[in-house]
Structures are given as structure tokens and as C-alpha cells.
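In order, the protein sequence lines correspond to chains U and L.
Going by our numbering, the first sequence opens with residue 1045, and the numbers climb by one from there.
Going by our numbering, the second sequence opens with residue 609, and the numbers climb by one from there.
Chain L side only, calculated, beta carbon under 7 Å to chain U, not exhaustive:
#1 Ser648
#2 Glu657
#3 Tyr672
#4 Ala673
#5 Phe820
#6 Asp827
Since the hints were made in silico from the structure, they are not lab data.
Beta carbons: idealized from backbone N, C-alpha and C, even for Gly.
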Amino acid sequence: MDPRFVDVGSVRADLEAADYLADDGIAGVVYLADRLQKPILVEGPAGTGKTQLAKSVAEITGARLIRLQCYEGLDEAKALYEWNYKKQLLRIQAERNSEVEWDAIEDDIFSDEFLLTRPLLEAIRSEDPVVLLIDEVDRVEIETEALLLEILSDYQVSIPELGTIEAKQIPLVFLTSNNTRELSEALKRRCLYLHIDYPEMEREKQIILNKVDGLTDNLADQITRIVRSIRQLELKKAPSVSETIDWARTLILLGIDQIDAETATDTVNILLKYQSDITKAIKEFAQSDEFSG
Amino acid sequence: MTTTESPTEPADDPSSSGSPMLDLLSGFIVELRNAGLPVSLTENLDAMEAVKHIPMEDRETFKYALAATLVKNHSHWHAFEIVFEVFFAMRGSEYEITEDRFPDLDDMDDDDQGEAQGQGASQGQGGGGGEALSPEQLAQMLMDALKKGDQAMMRALARQAVRRYAGMEPGRPVGGTYYLYRTLRNLDLDGMMEQLMDQSREQAPDGQLSKFEERLERDEFNDRIEKLKKEIEAEIRRMLVADRGVEAMSRTLRKPLPEDVDFMHATREEMNSLRKAIYPLTRKLAARLARKRKYGRRGPLDFRKTVRTSLSYGGVPADPQFRFPKPHKPEIFVIADISGSVAAFARFTLHLVYAISGQFSKVRAFVFIDGLDEVTRFFDGVDDISEAVHRVNTEADVVWVDGHSDYGHAFGVFWERYGKDIGPKTTVLILGDARNNYHASQSWIIKEIQSKARQVHWLNPEPKSYWDTGDSIVGEYTNYCDGVYEVRNLRQLEGFVEKLI
Chain U
1045 MDPRFVDVGS VRADLEAADY LADDGIAGVV YLADRLQKPI LVEGPAGTGK TQLAKSVAEI
1105 TGARLIRLQC YEGLDEAKAL YEWNYKKQLL RIQAERNSEV EWDAIEDDIF SDEFLLTRPL
1165 LEAIRSEDPV VLLIDEVDRV EIETEALLLE ILSDYQVSIP ELGTIEAKQI PLVFLTSNNT
1225 RELSEALKRR CLYLHIDYPE MEREKQIILN KVDGLTDNLA DQITRIVRSI RQLELKKAPS
1285 VSETIDWART LILLGIDQID AETATDTVNI LLKYQSDITK AIKEFAQSDE FSG
Chain L
609 MTTTESPTEP ADDPSSSGSP MLDLLSGFIV ELRNAGLPVS LTENLDAMEA VKHIPMEDRE
669 TFKYALAATL VKNHSHWHAF EIVFEVFFAM RGSEYEITED RFPDLDDMDD DDQGEAQGQG
729 ASQGQGGGGG EALSPEQLAQ MLMDALKKGD QAMMRALARQ AVRRYAGMEP GRPVGGTYYL
789 YRTLRNLDLD GMMEQLMDQS REQAPDGQLS KFEERLERDE FNDRIEKLKK EIEAEIRRML
849 VADRGVEAMS RTLRKPLPED VDFMHATREE MNSLRKAIYP LTRKLAARLA RKRKYGRRGP
909 LDFRKTVRTS LSYGGVPADP QFRFPKPHKP EIFVIADISG SVAAFARFTL HLVYAISGQF
969 SKVRAFVFID GLDEVTRFFD GVDDISEAVH RVNTEADVVW VDGHSDYGHA FGVFWERYGK
1029 DIGPKTTVLI LGDARNNYHA SQSWIIKEIQ SKARQVHWLN PEPKSYWDTG DSIVGEYTNY
1089 CDGVYEVRNL RQLEGFVEKL I
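Using the sequences and the accompanying hints, generate a full structural model.
So, in C-alpha cells, the structure goes:
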């Protein structure tokens, strides 16, 4: 199969054209995933653009995005495939009076026609290029992770009644995790690992300039600097990139072009979601003078 | 899965993808393993595959490519970075990574010429580069670079500063920290910080900054100064590698991973990384425990039910029935020694226990040195555990006579005041090194506690081999505890807590 990208630079440029600002690490790993044909495990704090990365890659490669949202209790029938039991039953009943041998019926009802494909199988069987996004994989139980292993390492699915279905094309696979638990070694071993952290200030500024209309360079600069200062506090939940964007939008709506301590105090509830965090931040804004020499 | 076609990279000339590269890489991986990172064989192979696709000239990407294949846990990133810097810093001339990004590297041993060039190239104005710089000029240029946030310039100046101030002598067996200290002392970054702040105050429209702006300016400069320090550190590391060789250096720089850092001997920096590590750890632990409780093992055999179902099999108990597990929520009493040597350990344990307090029906905390005080009140209704732990250390009334640990007396006070609260549901955790300054042990109290409580566990932050040496009397208490554990680092602490529930 032809590689999707020419070099790391082009990945970066393409992503940028799709409004996703990647850094060296992100672009490099995406490029590598394509070349090595390995899935990418993306970890990092919530709201740093993990899911968006998969979407943007799908967009720039012109591939279809197939998404499997993980949750506690996810099982084979929801992730891989399921036999269409009702249809099988109908088929058996329809054949009841005819002379067809049981063996033939059995072969028949375990054929493609009665198979309901779920995201993972669908990604494998698709003829066109596909980006498979397995979202929040840390939510499934550790036992369920095993479901993913075959598809991740060999791009195939074994169905006992049908045999092994191999991929028509190798999909680009993204797994995201919010790191609420340690993923199994087996899973990690099969993936390239990418940690997306809060972006550097410069990059964050570019991101909000890209995403928010009518934002001046000066305001964006102030916003990102304040956000950076807030992230340095010990908080329950630091502001994510998406919250920074929300904050920027709010400030635009309020017609503010210069942020002072008061504005920051009034609107900080958009950045922070816990009361204790908000109190802490407001306290910091107010007593900043303690540090001045 | 194998990659079918052999990759033909434009930048991939045969000499660099050949065996020297693989040798280098395997040396690198050996060192990563020495540093404690778990690198499996598959990951090793992946890395070898990866370097075929990413040219080494693109240093940043190369680093991320290696990290993506080799490091699967973010807390190991720092360790990886150090090993990477050591290993690939000096491979310069041989693998041509230095030309564009590090104009100043390939002339390591003797330099003036190349240095002036390097300066000129990165700085543009080229003014007084090289050795001609006086300390004042250097300081001035550094100020300018910090003010503008000019990375390339900062790197060049960091190099200058190290050369001038670190006073490196080849073969001298001191660590990098010593050189770092000397360089920083001479640069007086704190003074520079103040000057920078003064300047931005002058430049403000009305001649002064509001408190808020002041704070933001300060954070900004702090950030830049941190970057400068990193540059200086990197430069020192490069020079040390040049002097002593990769193997020796990576041995010196080898640091334990956050989860293996010893509580009792952590440096300030390690403490910081520990404090950062404990957040995700508690979150993960809480999630795991909640899950374990929900899907935990089946309960004991339900005999009646089994017999009843056996009737449908003609009296054969083919389908054993089990009771639903009755999740017990223990009551936890934490009794912690917070005297100097073990304070950090007590802090982390209290933090962890409170972070998972949802798993217990009740948590009460007591701290002592030679007196004892209940500190549960600090945690009541408080969101911020670290804040509460901090208050415990500053406000609790724990000194009775002289502020030296006296386990015997502290237990005496505990037994007298709170002994009656211990019931059959209570699990008692005692934290401390049992270094009793030769006071009486009063171990009968622990015996009494054990007879009333469900379980008594003792966590000792000292290595096992030190137990019962000197004034440590952990042995006297051991007989009356259900378990005595060595808990020296986060990994062991996590393991213990998980076992507890």
C-alpha cells in the first residue's frame, strides 16, 4: 500500500491547512504511524485535541472516519460484530418445510448476509481508506482491551463461524485515553505512544487565533499568558485548550480588548469548572502584588 | 506484521541506516533499561524500524519518533529525555546532526573560530562575538535575549556563559550540578529578573504595572529564564559527555523514576515530581478500586442455593451458587509519625488515604512526634487535600517535651483518648520508622489495639535492612501487627493500598 504522506513536513503542513496546528512530535508520530502501519495511542489531559487529531487526519487524507466510543461494559457485540439472530431465526423457519439439509442451512445462516458489522469490523472490511478512532479506551475494562489486540497488531478479525477476515486496506488507527487507568502492556506494546500536553504558549496563541474570529494578536497574547499562569497553579482541573477557546470567544462577545484583573475575575468561571479552583485563581489575581519587590 | 517494501527515504543515506546506527540504538536501549524503563523486544524492533523512516538530521522529530516507540508512559519521558541528550548529543560530527541546529557543537575541544561563527550566524548582528565579550557585555546581551525571548541567541549565550563561568576541568570527577551552580551564581539570574521587571515597569504607559500585569510579566520572564537554565544544563551535559564519554555520563545522570524515588532521601526537585506524580496515581487508584469493588470476586459459596438448584440436575450440585460479595467498607485510623525524617512519607500516605477515602466508611488521622493530635478536622469538607496536609504539618499540636519522636508516649496518649473508638471494623495504619530515641516502646498498647481492631498494619519507610538497628525498635511492635511493610516509594505505597482493600 502506498504511504499517505511524503514526509513529516507535509503532514504538518496538511494538518495546518485543516486548522490543526501540530508540533514536531504530533506530526512525526502520525507520519511514523503511516509508515510503520501501527496504531497510535494518544494520551493526555482532557481537551487538548486528541480526538480532533484523528478527525483532522481523516480530513486531510480524505478517509472515512469510523469511531468507536468506549464505555464500561462495551463488549464484542458492540465493538466487533454480531450475528443477526432474528434474521437467522426467520431463515430457519422459512426452510422448515423444504427439503434442504440442515448442514446447508447452517452454512447459510452463518454467512455474510447475517452478519452485523460493528465499528472495528467495518473499519477492516471497508474498501476505501479509513481512519479508525477508538475513543477513550481507558473506559473499558482491562479484559475487554483484549478484544482490540488482534485488530491492532494484525489488522484482522477472527470470526469462528466464518474464518479470519483480513483488512482490505490498512486503516490508520487512533486510540485515545484520558489516562484514568494504566492500559495493559499488551495494548501499549502494539501502539506508538503519543502524549499530547497543553501546548506551548506560542502554539496555543496560534490555535485560538485560528479558531476565534475577530481576535486581535494582542488579546490572544494576553489570553494565553493568563492561561499559562493559571495552569501553573495546583488545580483540580487545569484549563484545557477548548476552554481557552471558549474564554476567547466570550471576551470577544463582551467586546473586551484589554484584560485586567477584574475582567479576569469575572470571567474565570469559563476557564475553570471547580469552585475551589476558581477561588484559588481569583485569590491569585488579587494578591499578585505580594511578589513584587 | 512486516513492512513489505523497503523504504527509500531521500534523506536516508545508506551509511546512516547501516549497522552503526543499529549499534548506537541498541546501546541507547540498554541505557534506557538501565535507567529503569521497561523496553520490550517488540518495541526495540519498532524503534529500529522507525529510525529508517525519520532522518536523524531532524533532531526533534527523531527524538519523538524514538519516544513514540520506546516510552509508553508519560512519567518516564523525563528519564528518556536525559538519556537521549547524552546519547545523541555527541554523535554530532559522525552523523551530521549538528550543522543547522547546533552550529556550535562540532568544534568541541578547540573553538574560538567556530564559536565566533556560531554566534554570528545565530545572532545576526554578529557584533562582539567570541572571547571579546566582557562579563558586562555578556550580561547585557543575555538581558536583551531574555527580553525578546530570542531562543537561538539564548542558546549561544548559554554556551558562552558555561565556558566562561563553569570552570570545567577535564577529568575532574564532579557532577554537573556543581558546574551548573557555578555558572548560575555568576550570572545572577535573580538580579536580572528584577532588572527586567523594572524595565517593563518603566515601559508601561503610566510608568507602572497593575498587580495583575506585574504577575503576568513575571511569569513570562520566569518561563524564559527557565528555558535559559535548561540550555545551560544541556550545554554542561554536552561538555561533560565530551570529556568523560557517553557510558560514564549516563551512569552519573541516571535518576530513579518518580515511582521509585525514595521518600526519605528525595531531593527538593524529586519531591516536586513526586507531588505531581501523586495526583494521577490517586485518581487511577480510586478508579481501579471502585471498579474492583463493583466487579470484584464472587462471594463465598451459598450452600442453600446450591442445593436448591441441584434439584434440577437430579441432586447433583453441577451448578454451584455463590453469595453476592458483601462489600465491607473498613474504618481507617491513620497514626503517623511526622517528625523530620519521615514527614514526607507521612504526607504522601495521608494524601493517598484521603484521596481514596470514598473507599472507607470513615477515615480518622492522628499525627505525632512525642505528643499526639487528631487532625481529622483539617480534612473535613476540604476539597484540596494538599492544602489540608500542609495544615497538618504546620498547625497540629504534636510536641510534648522536646520534639523528638517518642512512640511510646504518643501511643499512650492515643490509647487513653481514642482507644475506646477502636472497634472490630477498624483498620489501624501506623506510619513511621520506629526510631524511638531509646524511649520505652509501650508495645502493650499495640497489642491491646490489635485485640480490638480488625487489623493493624505498620508501614516503615526505611529499607528492611535498617530495621532494628540503632534506636529502631520496629521489631518490638512487629509481634502485634498483622503486617509490617517496607514502603519506601510510591510504587510500594500504591501496592500496599491496593492490597489493603
